[in-house]
Amino acid sequence: MNQHSIAVDVDKVVKRYGSVTALHGVSMDIREGEFFTLLGPSGCGKTTLLRCIAGFEDVSEGSIRLHGEDIAPLPPHKRPVNTVFQQYALFPHMTVLENVAFGLLRRGWSAMDANGRAREVLALVQLSDFARRSPGQLSGGQQQRVALARALAPGPQVLLLDEPLSALDLKLRQAVRVELKQIQRETGIAFVFVTHDQEEALTMSDRIAVMSAGHVQQIGTPREIYEAPVNRFVADFIGETNLLEVEVGSVSDGMADIALPGGARLTCPAADGAQRGTGHLSIRPERITPAPAGAGSLQATVEDHVYLGTDIQLHMRLSDGEAMVVRMQNAAAAGIPERGTVLGLEVEAGAARLLAD
Amino acid sequence: MATTDLRRFTGFRAITILCLVVLYAPLVIVAVYSFNDSTSITRWGGFSFKWYADVFTGPDAPKFRAAAINSFTIAIGAATCATAIATAAAVAMNRAGRFRGKTASLALINLPLMVPEIVTAVASLIFFITIGFKTGLMTIFIAHIVFCIPFAYLPISARMQSIPDMYEQAAMDLYATPWEAFRLVLLPLMVPGILSGFLLAFIISLDDFLITNFVKGAGVETLPTAIFGSVKQGIKPNIMAISTLLLGVSVVFVTLSWIIGRAGQSKQ
Amino acid sequence: MAGAAPQGASRSEIYRGNGGRLMLPVWVFIGIFLVLPVLLMAIYSVLTKEFRGGVIWDFTLAAYDQFFLNRGLFGDEPPTVEWTYIGIFWRSIWQAGLATVFCLLIGFPTAWFIATRDPRSRSVWLFLITIPYWVNLLIRTVSMKFLIRDTGPLNEFLLWTGVISEPLSLINTNFAVQLGLFYSYLPFMVLPIYAAVERYDFSLSEAAADLYADSWTTLRLIILPVVKPGIVAGCILVFVPSLGAFLAPDLLGGAKTFMIGSLIEEQFKGAAGNWPFGAAAAMILLSIVMGVLLIHARAQTRGDG
Numbered sequence: 001m002n003q004h005s006i007a008v009d010v011d012k013v014v015k016r017y018g019s020v021t022a023l024h025g026v027s028m029d030i031r032e033g034e035f036f037t038l039l040g041p042s043g044c045g046k047t048t049l050l051r052c053i054a055g056f057e058d059v060s061e062g063s064i065r066l067h068g069e070d071i072a073p074l075p076p077h078k079r080p081v082n083t084v085f086q087q088y089a090l091f092p093h094m095t096v097l098e099n100v101a102f103g104l105l106r107r108g109w110s111a112m113d114a115n116g117r118a119r120e121v122l123a124l125v126q127l128s129d130f131a132r133r134s135p136g137q138l139s140g141g142q143q144q145r146v147a148l149a150r151a152l153a154p155g156p157q158v159l160l161l162d163e164p165l166s167a168l169d170l171k172l173r174q175a176v177r178v179e180l181k182q183i184q185r186e187t188g189i190a191f192v193f194v195t196h197d198q199e200e201a202l203t204m205s206d207r208i209a210v211m212s213a214g215h216v217q218q219i220g221t222p223r224e225i226y227e228a229p230v231n232r233f234v235a236d237f238i239g240e241t242n243l244l245e246v247e248v249g250s251v252s253d254g255m256a257d258i259a260l261p262g263g264a265r266l267t268c269p270a271a272d273g274a275q276r277g278t279g280h281l282s283i284r285p286e287r288i289t290p291a292p293a294g295a296g297s298l299q300a301t302v303e304d305h306v307y308l309g310t311d312i313q314l315h316m317r318l319s320d321g322e323a324m325v326v327r328m329q330n331a332a333a334a335g336i337p338e339r340g341t342v343l344g345l346e347v348e349a350g351a352a353r354l355l356a357d
Numbered sequence: 001m002a003t004t005d006l007r008r009f010t011g012f013r014a015i016t017i018l019c020l021v022v023l024y025a026p027l028v029i030v031a032v033y034s035f036n037d038s039t040s041i042t043r044w045g046g047f048s049f050k051w052y053a054d055v056f057t058g059p060d061a062p063k064f065r066a067a068a069i070n071s072f073t074i075a076i077g078a079a080t081c082a083t084a085i086a087t088a089a090a091v092a093m094n095r096a097g098r099f100r101g102k103t104a105s106l107a108l109i110n111l112p113l114m115v116p117e118i119v120t121a122v123a124s125l126i127f128f129i130t131i132g133f134k135t136g137l138m139t140i141f142i143a144h145i146v147f148c149i150p151f152a153y154l155p156i157s158a159r160m161q162s163i164p165d166m167y168e169q170a171a172m173d174l175y176a177t178p179w180e181a182f183r184l185v186l187l188p189l190m191v192p193g194i195l196s197g198f199l200l201a202f203i204i205s206l207d208d209f210l211i212t213n214f215v216k217g218a219g220v221e222t223l224p225t226a227i228f229g230s231v232k233q234g235i236k237p238n239i240m241a242i243s244t245l246l247l248g249v250s251v252v253f254v255t256l257s258w259i260i261g262r263a264g265q266s267k268q
Numbered sequence: 001m002a003g004a005a006p007q008g009a010s011r012s013e014i015y016r017g018n019g020g021r022l023m024l025p026v027w028v029f030i031g032i033f034l035v036l037p038v039l040l041m042a043i044y045s046v047l048t049k050e051f052r053g054g055v056i057w058d059f060t061l062a063a064y065d066q067f068f069l070n071r072g073l074f075g076d077e078p079p080t081v082e083w084t085y086i087g088i089f090w091r092s093i094w095q096a097g098l099a100t101v102f103c104l105l106i107g108f109p110t111a112w113f114i115a116t117r118d119p120r121s122r123s124v125w126l127f128l129i130t131i132p133y134w135v136n137l138l139i140r141t142v143s144m145k146f147l148i149r150d151t152g153p154l155n156e157f158l159l160w161t162g163v164i165s166e167p168l169s170l171i172n173t174n175f176a177v178q179l180g181l182f183y184s185y186l187p188f189m190v191l192p193i194y195a196a197v198e199r200y201d202f203s204l205s206e207a208a209a210d211l212y213a214d215s216w217t218t219l220r221l222i223i224l225p226v227v228k229p230g231i232v233a234g235c236i237l238v239f240v241p242s243l244g245a246f247l248a249p250d251l252l253g254g255a256k257t258f259m260i261g262s263l264i265e266e267q268f269k270g271a272a273g274n275w276p277f278g279a280a281a282a283m284i285l286l287s288i289v290m291g292v293l294l295i296h297a298r299a300q301t302r303g304d305g
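Protein chains in written order, with full-length UniProt numbering: chain A, 1 to 357; chain B, 1 to 268; chain C, 1 to 305.
Accuracy of the hints is not assured; some may be wrong.
[Stated by the list, open to error] Pairwise CB distance ranges, derived in the manner of DEER restraints: (1) C:L219 with B:K134: 54 to 62 Å; (2) C:S203 with A:G116: 54 to 62 Å; (3) A:H24 with B:R8: 37 to 45 Å; (4) A:A213 with C:M290: 42 to 50 Å; (5) C:L219 with A:H215: 37 to 45 Å; (6) A:K78 with C:S123: 18 to 26 Å; (7) A:Q174 with C:R21: 18 to 26 Å; (8) C:A272 with B:V28: 35 to 43 Å.
Hints in this document: simulated from the structure, not taken from any laboratory. Each residue gets a CB set at the ideal place from its N, CA and C atoms; glycine is no exception.
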C-alpha cells in the first residue's frame, strides 16, 4: 500500500503564457518511489510541467500537491523537491564539494554535517576523489553526476530531472542510464524524468506519461505504452509502426472485428474509445511475418529493402496503395525478397491494435 | 596565379598606423618633454626629473595636491555609488521580468550619454543654484554619480546577460532565498563585470572637466579644472609632468579593466 | 527545451516583482539630478535676465528673440534675421560635420584593418586604439596644443627637415579645431565600425569576387551597404559630442572659431553672462542633438521591421 501512496498529484493543471497555452488541463499521479517519465517531442509541455512542480513557473489553473499538500504558495526555495538541470547549472565559482553541500547549508545544516553528508553522496556517485575540483575541470559525465549528487544531497521528496542525459554522447548516455536507474532504486526517491528520447523512457521508467501539444496522451508502463498505444500519436511516437485505415465492424469487450484492406477479417484488441466505422489499426513492423503469396491476411508488393544487419526492413505496398513496413530477421536460410515480389503477410492476432482515433 | 586576399585593401595598414601615430604622438611628446631639464619648454635641455619634483614640492604643489585629493576622493566615491546603482539596475533589467516603466528606465540610464555635456553642465548649475544647494565638493560628487551610471551599467549588464539564469534557479531549487541566490551565486559570478564597471566609472569621473567646472563653486578645484586654469596662462613644464602622471594612471586602470574583462571571458 | 517561448518568458523572473524597487536609485539620481535640471533649464530660457548673472522670475521670450531676430541697436527697428548666433551654430555644425568626415575617412580603414587581423592580435590593436580614449580629454587637448604651437615640436621638426622655411601657423585655426575634434572622438568612430565589420560575412566578398567584382567595387557595392549601420552609429557618436564640444575649440581655436560650447559657457561666467540666453542656446543645441538621435532611432526601427 505504502508503495503506491501518491508523491505528486498533478490535478488539471493549465499553464498559459499570454495567449499561448502550454498545458491544457494535465492530470497525473506520481507514486512514491517510482521512476516516472514525461515523454514527448519538444514543445509538448513536459519541461513546463516539470518547472511548475519545481516552482519556477506559476500554475494558471489546477493544482499540484506534494504528499497531499498544495505547493502553489511555496516559492522554489521552500519546496522539498530538487532538480537536475539540463545543462547541470553547477556553480562555476565553487568546488564540487561546495556545490553538493550548498543545499544542505541553506537548510540550516552545520558546515561539518553538511560536508560529511556531501562526501557521502559524492561516494554514492563515485566522485569522492573529485571533491576539491572545480566543476569546469570535470568531464561531461562527471559534471552530470555532480549535478545528481547535489540534487540528492538534501534528501528531496521528489527528484526532478530535466533531460539530464541530453548533453552526453551516446555511449556515455547508455552507461549513465543504468547507473541512474540503480541510484533511483537505492535511494527510493520518486524521480520525475523529462526526455524526448523514447528509448531512454522505455529502458528506465516504471511508468511513462506521453505528452503532446500540452495534453497527456497516455500514461502507462513502458510495455503498455509500446504494446497497447491508445491513439495514433502514441503508436507513432513510440517505436515504429504501420497505421492502416480500416473498417471497424463491431467493438465489444475491448475486442474489435475489422476488415483489412483486401477483405480479410481480423479480430484484435481495441483501445478504449475505439468505435465502429473507419478506424486506425497499428501493427508493429516486427510483428508481421512474410509468407508466400496468397497466404496471410494481407497481400503486398516489395518496393524496396533496407539492410540493417540483424534485421531487414521491407518497404511494401498494399493492393489499395497503402505503404507498409515489415521487419524480418536476417536468418541465414531466408533470402532477401526481390523488388516486385508479391508476398502474403501474416498478422498475429495480438500484434495488431485498433486505436481510439 | 596568385590569389588575392579579399580582406586586404591597399593602404589600409598605412592608414591604421597613421591613425595610431596621430593618437599617440601628442601624448608621447608631452611625456618626453616632461623630463626636459630646460626651463624653455620647447628646447631640449637634457633628461631630468625636476618638473616632477616641482609638482610635489614646488610653489604650486599645495594647489595640485588639494586638487588631486579632491579628484581621487570624488572618483572613488562616485564610482562606488554609480556601480551600486548600476548593479541594482542591471538586476532589474535582466532578472526581474517585466515591470512598469522598464523601457523608460533603460532610456533614463542612457540619458547622460545622450545629453551633450555642456547642456548637462548648464542644467546642473541652474538646478543647484535654484534649490539653494551650495556648489562645492558635494555638487561635483552628485553630478559625477549621474554621468558615471551608464558607464558602470554597460559592462555590468553585459556580464549579467552572459550568465545563464539556471544558476540562480539551481540555487533557489537548493533552498537559497532570492537574497542568498544573489549574494552566493549571482554576485560572485558578476565580479569581473562589476570591477570593470567600477574602473570605467572611476576613469570617467577623473576625466571630467566641463561639468565639474560648472558645478564646482569658487575655490574648489579638481585636477582637470586646476590644469585648465594653469594652461590658460600658458603651458608650463610642470603641467606636462602632471599630465604624464595622470596619463599613467589612466593607462594602468584601463589595462587592469581589460585584463579583468579577458579573465572573466576565458572563465566562462 | 519544451517550447522556446515559455522558457524565454520565464527566464528573467528570478527577482520578479522587484524591478521597480531595484530601479528606484536610477530614477532618483538621473530623474532628480538630470531630468529635472534640464526641465528647469527650459524654464530658465523663458525668464528675464538678471544683470549680475541669474534670473528674474518674469516670463519672456527675449532670449529666443535675441537669438533669432535683429531689432537694431535700440530694439525699435523692424525685425530681421539675426545671423550672429545662427552663424555660430552653423559653424559648429560645419566643424562637427568635417570632423566626422575626417574620422570616417581614417576610422573606416582602421576598423577594417583591425577587424581582419587574427583574433589574438585583433584585441591588442583594439586595445591600442581605445587607450587614448580613456586618457583625460583635457590632457589630450593640451598635448595637441603643445604639439602644434607655432614654436612647438611639430614646427621645429618640419623646419629642421627643411620641408618648410617658416613655422606653420596652425594654432587658432579651423584646422586646429577640426584636428582637436578628430583627435578627441576618433575611437568613437572606430569601435562601432569594427563591431560591424567583425560580424561581416566574408563569403559575401567571395561571392562578389566570383561574380567579377574587383575589390574596390566589392567595397562600394557590398561591404559599405552591409556595414552601414556601424558607420552611421560611428558618425553619430562623433558628430553629437563634437557639436557641443568645449575644450577643443576653446584651447585650439581662437575668436574666429567660436563654437556653441563656448557661446553657452560664456553666458554663465562672470558678470557679462546672460543666463536665459545661455539656457536658450543650450535648449536649441539639445533639440538638434535629440532630433539627430530620434531620426537615427526611427531609421533603425524601420530597418529592423
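Going down the list of hints, with the structure as the test:
At about 58 Å, the beta-carbon gap between L219 of chain C and K134 of chain B stays in the expected band of 54 to 62 Å. About 58 Å separates the C-beta atoms of S203 of chain C and G116 of chain A, a value consistent with the hinted range of 54 to 62 Å. At about 59 Å, the beta-carbon gap between H24 of chain A and R8 of chain B misses the expected band of 37 to 45 Å. The beta-carbon spacing between A213 of chain A and M290 of chain C, approximately 49 Å, falls within the hinted interval of 42 to 50 Å.
As the Cβ distance of L219 of chain C to H215 of chain A is approximately 56 Å, the hint placing it in 37 to 45 Å is violated. The hinted range of 18 to 26 Å is not satisfied by K78 of chain A and S123 of chain C, whose Cβ atoms lie roughly 46 Å apart. Q174 of chain A and R21 of chain C have their C-beta atoms about 49 Å apart, which leaves the hinted 18 to 26 Å range violated. Between A272 of chain C and V28 of chain B the CB atoms are about 40 Å apart, so this pair conforms to the stated range of 35 to 43 Å.
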